[in-house]
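Once you have looked at the hints, place chain B on chain A.
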Amino acid sequence: AAGVIQSPRHLIKEKRETATLKCYPIPRHDTVYWYQQGPGQDPQFLISFYEKMQSDKGSIPDRFSAQQFSDYHSELNMSSLELGDSALYFCASSSMTSEYTDTQYFGPGTRLTVL
Amino acid sequence: KQEVTQIPAALSVPEGENLVLNCSFTDSAIYNLQWFRQDPGKGLTSLLLIQSSQREQTSGRLNASLDKSSGRSTLYIAASQPGDSATYLCAVLYNQGGKLIFGQGTELSVKP
Chain A
1 AAGVIQSPRH LIKEKRETAT LKCYPIPRHD TVYWYQQGPG QDPQFLISFY EKMQSDKGSI
61 PDRFSAQQFS DYHSELNMSS LELGDSALYF CASSSMTSEY TDTQYFGPGT RLTVL
Chain B
1001 KQEVTQIPAA LSVPEGENLV LNCSFTDSAI YNLQWFRQDP GKGLTSLLLI QSSQREQTSG
1061 RLNASLDKSS GRSTLYIAAS QPGDSATYLC AVLYNQGGKL IFGQGTELSV KP
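Chains as they are written, first to last, in this note's numbering: chain A, 1 to 115; chain B, 1001 to 1112.
If we strip away everything but chain A, and leave its shape as in the complex, we get (with noise of 0.2 Å):
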């Protein structure tokens, strides 16, 4: 079965550079949920997009931005990247019409480290 899928899987930046992650959620799957996980720490909401609107807004950087696009995939802005925005950042998808609609699947993560 298919699965979230996250580019890149790895990624290294300099402070104050800008970074873009990508998600590509389950097909038919119409929210993302995008989550940070820092080191040693649970996973903290971000954001989450349902029918390519904003649906939720969590513990989000004004340095950051996202946006879910006419295809359902999603992306998160980073910018003026920081030392401490090196995390573990995990996209979830689910779907608001089929069954299971308060399943989230995520995505395997994408590793950021700002040097």
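Please note that a few of the clues may not be correct.
As the list claims (entries may be wrong) - Label pairs and their computed distance ranges (CB to CB):
id : chain 1 : residue 1 : chain 2 : residue 2 : range
1  : B       : Lys-1001  : A       : Ser-65    : 21 to 29 Å
2  : A       : His-10    : B       : Asn-1095  : 29 to 37 Å
3  : A       : Arg-9     : B       : Ser-1085  : 21 to 29 Å
4  : A       : Ser-65    : B       : Gly-1016  : 46 to 54 Å
5  : A       : Asp-71    : B       : Ser-1028  : 15 to 23 Å
Worth flagging that the hints you see were computed from the coordinates, not collected in a lab. Note that this is a predicted model, so its numbers are computed, not measured. Note that beta-carbon positions come from the ideal geometry of N, C-alpha and C, so glycine has one too.
What follows is chain B alone, placed relative to chain A:
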């Protein structure tokens, strides 16, 4: 504030032991609760999902229970194996289509 807490933070057991991991949540009006497994530096593998109307779910050697009224869930692992060594995370969903709120996890080490 909706918070999820897991106890203990770390647990080391000899192979073959049965063990229990605990998860508690402050707001009992949950939609569902999910247990995940995470290997070091890796992604999240969903183990069991319990709907708010259910009391338990089982998958192989794993059994998860839910007591909404007391704000608690337990993950029972039978006959533990070294391959079970990982961090186990509990996550609560309060609204359909909403965000998951995670506990800080229990790091399990099963010694051969």
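Taking the hints in turn, this is what the structure says about them:
1. Lys-1001(B) with Ser-65(A): 21 to 29 Å: 26 Å, holds
2. His-10(A) with Asn-1095(B): 29 to 37 Å: Holds: the Cβ-Cβ distance is about 33 Å, inside 29 to 37 Å.
3. Arg-9(A) with Ser-1085(B): 21 to 29 Å: 23 Å, holds
4. Ser-65(A) with Gly-1016(B): 46 to 54 Å: 50 Å, holds
5. Asp-71(A) with Ser-1028(B): 15 to 23 Å: 39 Å, violated
The structure is inconsistent with hint 5 alone, although it conforms to all the rest.
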